[in-house]
Amino acid sequence: MELLDFYADWCGPCQMLKPTLEEFEKAHPEIKVKRVNIDEEEDLASQYRVSSIPCLVVLKDGKEVAREVGVMPLKKLEKLVAKAGE
Amino acid sequence: MKKYDVIIIGAGIAGMTAGIYAVRAGKSVLVLESTVQGGQIINTLNIENWPGDLGISGADLSQKIYAQATKLGVQFEFEEVVAIKDATGPAAAFPPFSSSSMGVPQAASPVGSFNGFIIQTDEAEYACQNVILAVGTEPRKLSEKQAKDAGKRPISYCATCDGALYKGKPVVVVGSGNTAKHEMKYLENIASKVYHIHHDDPIPEDAEAVFVAIGRVPNTEFLKGFVDLDSQGYIIAGEDCKTSREGVFAIGDCRTKSVRQLVTAASDGATAVSAL
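Protein sequence lines, in the order shown, are assigned to chains A and B.
My numbering puts the first residue of the first sequence at 1, with every later residue one more than the last.
My numbering puts the first residue of the second sequence at 1, with every later residue one more than the last.
Simulated from the structure, these hints should not be mistaken for lab results.
A hint or two may mislead.
Here are the simulated lysine to any residue pairs, SDA-like style, with alpha carbons at most 25 Å apart [as the list claims (entries may be wrong)]:
id, chain 1, residue 1, chain 2, residue 2
1, A, K76, B, A124
2, B, K242, B, T271
3, A, K83, B, K242
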């Protein structure tokens, strides 16, 4: 499974989500977290129709299985990913 | 069940400041927050009216205050509060979501008889002697008519967060206040066209995203019947931050007050703790 984190440097909520994602990475090394700067990777952002950031997209075998917009605590993120992996 | 002297609901500037003052006064303190510390200010890129920093981002300020509070011994749990009840009362001590109870004095515990409160979150239950409500406000949602009009187009409540996703595209700003003006000014440098409409107008067909700035509403729905609210939903409390219920305080933007700023939010935090 993979987690795409669509963010931008000028986005406050994205900055607030960063430590949570780092904690998540440490606790779940089996899930790859890919950070996507929407200013640098506009194509990827539009491919995934990202309309609001921070936006987290969960991929399973390369296919989107869940997404959530907005900052969230670690517990909620873990639940989102666990549910998407079922 | 874990017990605390004080439970603070909301980790915005008001809530975190109250936490700092309460631990320094020797209290055990838990702050409950459903998303992330900082509150509304995390959306602000550059703050120039917080003493001590000429130009700090809301995210950085929030992290600094959070680090300070944690170091001093304030505990945080990132859980969503679903109910508050009297420690001695029945399971449903107050009727939630009853609009008829707004502004009507409730059967608050008689003075001197309260035994604290039980706070239920989506994860656990906690007991405490005092509750400080620092629940803040959220953007007022688009009207049903306009939401229908917007259809599948993205709706955003923060131009500085989402504006850049609409580079060279037409967008619309809904609202007539200062925030709407700021949002328009910001978007004019990014979008190909910025329409401006009021809260009753139809949404232009070619606008690719709808930016909403029609004011804010307090996050007090779950408190109806527990403490008195005014007609707008703000928690009725004076400058002493005392609510209609003994042992319960309201601080920051969710309280009835005339100035809603970072410094007045912080100020409420100190005031409420001194009244515990």
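Between K242 of chain B and T271 of chain B, does the CA-CA distance stay at or below 25 Å? holds (10 Å)
Taking only the CA atoms, is the gap from K76 of chain A to A124 of chain B under or equal to 25 Å? holds (14 Å)
Given the proposed pairing of K83 of chain A with K242 of chain B, does the C-alpha separation stay at or below 25 Å? violated (42 Å)
When held up to the earlier numbered hints, the structure conflicts with hint 3 and nothing else.
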